[in-house]
Amino acid sequence: MVRKSLPVNFEGMTIPEIFLSMSTPFRYDLTMPDLANISYINDPTEWLVLLRRPTLWRVLLPTDPNQSDAQILDPERIEARLQQVLPSPEPYGIAHKTAYRVHERVADKSVHGRIFLAGDAAHLNDPLGGMGMNGGIHDAINLTGKLAAVWQGADLSLMGRYERQRRKVAIETVQAQALRNRKVLNETDPARRAAYHGELRATVADAVANRAYTMKSSMLQSLRDLVGGIGMCNAPICHFRIVSHEDAGKGGLMGNMGNNHV
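With the sequence shown counted from 1, adding 80 to any position gets you the numbering used here.
By construction, these hints were calculated from the structure, which means they are not laboratory data.
In this text the structure is predicted, and so the values were computed from the model without any measurement.
A few of these clues could be false.
[To be verified] Dumping the calculated EDC-like pairs for lysine to aspartate or glutamate here, alpha-carbon to alpha-carbon at most 20 angstroms:
(1) K189 <-> E91
(2) K177 <-> E97
(3) K177 <-> D144
(4) K84 <-> E159
(5) K226 <-> E243
(6) K263 <-> E184
(7) K263 <-> E252
(8) K177 <-> E159
(9) K226 <-> D305
(10) K189 <-> E243
(11) K248 <-> E91
(12) K248 <-> D305
[What the hints assert, rightly or not] Quick list of the computed label-pair ranges, beta carbon to beta carbon:
(13) L238 <-> G173: 48 to 54 angstroms
(14) S148 <-> R83: 39 to 45 angstroms
(15) A274 <-> G173: 33 to 39 angstroms
(16) R260 <-> R194: 35 to 41 angstroms
(17) V230 <-> T268: 50 to 56 angstroms
(18) L238 <-> P270: 50 to 56 angstroms
(19) D200 <-> D114: 32 to 38 angstroms
(20) A274 <-> L238: 47 to 53 angstroms
(21) A256 <-> E170: 38 to 44 angstroms
(22) A229 <-> D200: 23 to 29 angstroms
(23) K189 <-> D154: 40 to 46 angstroms
(24) R291 <-> G199: 40 to 46 angstroms
Cβ coordinates follow ideal geometry from the N, Cα and C atoms, glycine included.
Whole structure, please, built from the sequences with the hints as guidance.
What follows is the structure, encoded as structure tokens:
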């Protein structure tokens, strides 16, 4: 509401498909070998995401935008889709379900006098990669640091740097990576899919490339790239596994791409 009351252009686009998000107590971790807590299932027919919560597993699936919410959330349709993910002799329990549209948008201005936009008010992006919330946390850290400096006597013009820095990251890091994640998961061409998974395997095998990948995907590199520099401690390198679905007789490839975010 605050952003909408301001003369702000929220530039970008709306992703065509609707996302279906469901939470179930079904223990995917006990039935799918080598399953990471956050797993992107890159299947040539239809991608999905499995996200482990303390007591539930969240399942995210793309959905035909021509369907109504009532059709998407129909209990029989949801059961059929979950059975497609992993057949179960018992019906899936559903603790939560929702259908929502995804946007890729960045505000053209984040500073309006004494009003400052951060998080979803300043940028919206595809949730694939988990960069929206983490980008919002980075916004808050950057903003509060500059507000403290102004409170201690720095000129208010310092806030212009907040806008420049965080908009740059929102476009060049968060939005760019989210769009790339979506493109990779929607890829159906066998040659391009094989090339991408070959790149991932090469990254795993190369310590330098592994670290660079981790620094970028965790958004730590975006902090180091900011004008003026920010001192950061070394981040632990996350390791991910490439697990072939063909080995399980299901077709496709699954990359367990766990990210460290701060």
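Hint check results:
1. K189 <-> E91: OK: K189 and E91 at ~10 angstroms, within 20 angstroms.
2. K177 <-> E97: 17 angstroms, holds
3. K177 <-> D144: 16 angstroms, holds
4. K84 <-> E159: 38 angstroms, violated
5. K226 <-> E243: 11 angstroms, holds
6. K263 <-> E184: With a Cα-Cα distance of about 13 angstroms, the restraint between K263 and E184 holds, given a limit of 20 angstroms.
7. K263 <-> E252: 16 angstroms, holds
8. K177 <-> E159: 12 angstroms, holds
9. K226 <-> D305: Cα-Cα ~17 angstroms, so holds.
10. K189 <-> E243: The given pair, whose Cα atoms are some 7 angstroms apart, holds under the 20 angstroms limit.
11. K248 <-> E91: Roughly 14 angstroms between the alpha carbons, so the hint for K248 and E91 holds.
12. K248 <-> D305: 10 angstroms, holds
13. L238 <-> G173: 48 to 54 angstroms: Once the Cβ atoms are compared, 52 angstroms apart, the range 48 to 54 angstroms for G173 and L238 holds.
14. S148 <-> R83: 39 to 45 angstroms: 28 angstroms, violated
15. A274 <-> G173: 33 to 39 angstroms: 37 angstroms, holds
16. R260 <-> R194: 35 to 41 angstroms: 36 angstroms, holds
17. V230 <-> T268: 50 to 56 angstroms: With a Cβ separation near 51 angstroms, V230 and T268 satisfy 50 to 56 angstroms, so the hint holds.
18. L238 <-> P270: 50 to 56 angstroms: 52 angstroms, holds
19. D200 <-> D114: 32 to 38 angstroms: Check passed, 33 angstroms falls within 32 to 38 angstroms.
20. A274 <-> L238: 47 to 53 angstroms: 49 angstroms, holds
21. A256 <-> E170: 38 to 44 angstroms: 42 angstroms, holds
22. A229 <-> D200: 23 to 29 angstroms: 25 angstroms, holds
23. K189 <-> D154: 40 to 46 angstroms: The hinted range 40 to 46 angstroms holds for K189 and D154, with Cβ atoms some 42 angstroms apart.
24. R291 <-> G199: 40 to 46 angstroms: 28 angstroms, violated
In the structure shown, a violation is registered for the earlier hints numbered 4, 14 and 24, in ascending order.
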